[in-house]
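Q: Residue numbers (full-length UniProt numbering), protein chains in the order written: chain A, 1 to 336; chain B, 1 to 258.
Hints were generated in silico from the structure; no laboratory data involved. C-beta: ideal position from N, C-alpha, C; glycine also. There's no promise every hint is true.
Quick look at which bits of chain B chain A covers, simulated, 3 or more residues with Cβ under 8 Å [stated by the list, open to error]:
hint, region
1, 41-52
2, 84-91
3, 100-112
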Amino acid sequence: MKRNTSSHLATLAIMTTLGLVLAFVSLWFGVRPLPTSTVWQALVAFDPSNTEHMIVHELRLPRAMAALIGGGALGMAGALMQSLSRNPLADPGLLGVNGGAALGVVISIWVLGATAQSQLVFPALAGAGLAATLVLLLGGAVRPRGPDPTRLILAGAAVGALFLALTWAILILSRESLDTYRFWVLGGFTGITKSDLVALLPLFAVSLPMGLAAAFLLAPLILGDDTARALGVRVGFVRVFSTVAIVALCGLTVSMAGPIAFIGLVVPHLVRPLLGADLRLVAIGSFLTGAALAVLADILGRLILPGQEIEAGATMALIGGPSLILLVRFRREVAL
Amino acid sequence: MTAHLTCENLCLSYGKTPVLTDVNLDLVPGQITAIVGPNGCGKSSLLRCLSRVQSPTKGQVLLDGEPIHKQNTKQVARKIAFMPQSATAPTGMRIMDLVLRGRTPHQSPLQQWTSEDQRIVERALDQVGLTHRAHELLEDLSGGQLQRAWIAMVLAQDTEILLLDEPTTFLDLAHQQDILKLVRELQADRGLTVAMVLHDINLASRFTDNIIALRDQNVLCSGVPQDVITEPNIQDIYGLACSVIADPHHGLPHIILK
Ligand SMILES: Nc1ncnc2c1ncn2[C@@H]1O[C@H](COP(=O)(O)OP(=O)(O)OP(=O)(O)O)[C@@H](O)[C@H]1O
Ligand SMILES: [Mg+2]
Chain A
1 MKRNTSSHLA TLAIMTTLGL VLAFVSLWFG VRPLPTSTVW QALVAFDPSN
51 TEHMIVHELR LPRAMAALIG GGALGMAGAL MQSLSRNPLA DPGLLGVNGG
101 AALGVVISIW VLGATAQSQL VFPALAGAGL AATLVLLLGG AVRPRGPDPT
151 RLILAGAAVG ALFLALTWAI LILSRESLDT YRFWVLGGFT GITKSDLVAL
201 LPLFAVSLPM GLAAAFLLAP LILGDDTARA LGVRVGFVRV FSTVAIVALC
251 GLTVSMAGPI AFIGLVVPHL VRPLLGADLR LVAIGSFLTG AALAVLADIL
301 GRLILPGQEI EAGATMALIG GPSLILLVRF RREVAL
Chain B
1 MTAHLTCENL CLSYGKTPVL TDVNLDLVPG QITAIVGPNG CGKSSLLRCL
51 SRVQSPTKGQ VLLDGEPIHK QNTKQVARKI AFMPQSATAP TGMRIMDLVL
101 RGRTPHQSPL QQWTSEDQRI VERALDQVGL THRAHELLED LSGGQLQRAW
151 IAMVLAQDTE ILLLDEPTTF LDLAHQQDIL KLVRELQADR GLTVAMVLHD
201 INLASRFTDN IIALRDQNVL CSGVPQDVIT EPNIQDIYGL ACSVIADPHH
251 GLPHIILK
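Same shape as in the complex, but just chain A (with noise of 0.2 Å):
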């Protein structure tokens, strides 16, 4: 027991060295490389009239801390997903928020004529939450006994399908449209603003809490609905609670980056070998090898075509794929 515990404790030591080491070298890359001692000077003697310094603390570091928040909303929703789930390769995004928040983006550039990456947050939270609503309702949370894992899902793609569709409509009939959209779909932290960053942090300052807590509360339903409720879990909350969580999560982040896919899927995969069968240390550990996957992914994409950036999206699925297919290869199964 002791010995396990205080390994694990090491193992979320490094995870969390390894995402900050990361975070921090993120900043030296960008259009404009900047040497370590500038990045170091900017974080620890900020000068305002200095535009190197200025890159780091307007630019870079909100795009470092964007990447790191959302890699790790989306790894802690990834592992609370599998769990409510019970299925090893369930994704945040089965509960259809992406489509959500796609279809608020569109329509924001259709009515208001949104451009700019920071216009596209609030219109893809309001989307993002509204698919979320719809989802629990269809889903089954307001029944008396919760909501149906199952039931859940096919609820998600319903209404992901739904609003993607409208979201191609929309696409159809307004050319300008594409143009954003298209960037806007691959996902990714270069646009993200000082602005958006802090309007956003409170919000991810609740509910990531909340995946912690769903955590918590999701960990005795591992053995079963009927073994949870003889513990005296209240199964059907619990279910209701960690549905919002995880949507809370997967919401903030596709609306601050845009999609991004398998950091959900993959990272619980990555760190369930490490940290064994607890969902309370498993949320931790994806919330933290989440977001270094996420930073790097991001740095990657500045460094594999000099000159240009490729987006973090783009990078991950590049990153992903091949993962996922390790994974399917050499690990043994999981049963959740």
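Given chain A, put chain B with the ligands in place with the hints provided.
A: Chain B with the ligands in isolation, oriented as in the chain A frame:
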């Protein structure tokens, strides 16, 4: 003073199919009761209702006179432990992790782990003889070892009432005996009230104080083994012809099929 579990006019249907109709029963406090009956007669359903896992369609289950479906879930879980018939666990879980889960109703978000929890978990592991394997993965265990790990989990819940659905099904003869002896010890030492579904009538006769036989959605007969295990009753419950003899060691009723 042990908890007293009864039910009154309990009815349960899944959709339109009735499974239990107007069941009345009383688990004698501090004694062991066996629930027997043919496959599909509603034994598991009854146990699920008694443990608050399933809400009855009509009627109620009373714990010390109070309806359990109206009580706080956690409070009930500190008094009644239930082991389902087909329990599942995810991969990557160790015996220790499973048994720790039994402490759930005694923990709160702010107080996750105490030395009391530690002591009770170690005792439960010891009682089922799994102390030295506590760190093994559940998927690496045999069916019988797995069953014992689950029993340790409900023991760790440290309740006055124990409801076990087929605790001996996957066990070899020796381990069936071990589990039933363990249940007997717990009942004798700590005054636990136990109800368990058993399929082996002879084991039920040997290791329990009362037997409740179910048939056609209701209790067919109940009482001490000598009253329940008779040739006509076995004919009524299972439709089987048999002779009942007194077993040579304890003089308890023992059935021999014709
Ligand atoms: N969740 C359910 N939904 C619908 N029908 C059910 C459900 N659970 C049980 N049943 C039905 O209720 C009846 C009683 O089932 P139950 O599991 O209580 O029987 P049992 O006496 O425990 O049988 P066994 O000895 O095989 O374990 C069966 O006919 C079964 O088909
Ligand atoms: Mg049964």
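Q: When the structure is checked against the list of hints, which entries are broken? Sort them ascending.
A: No numbers; nothing is violated.
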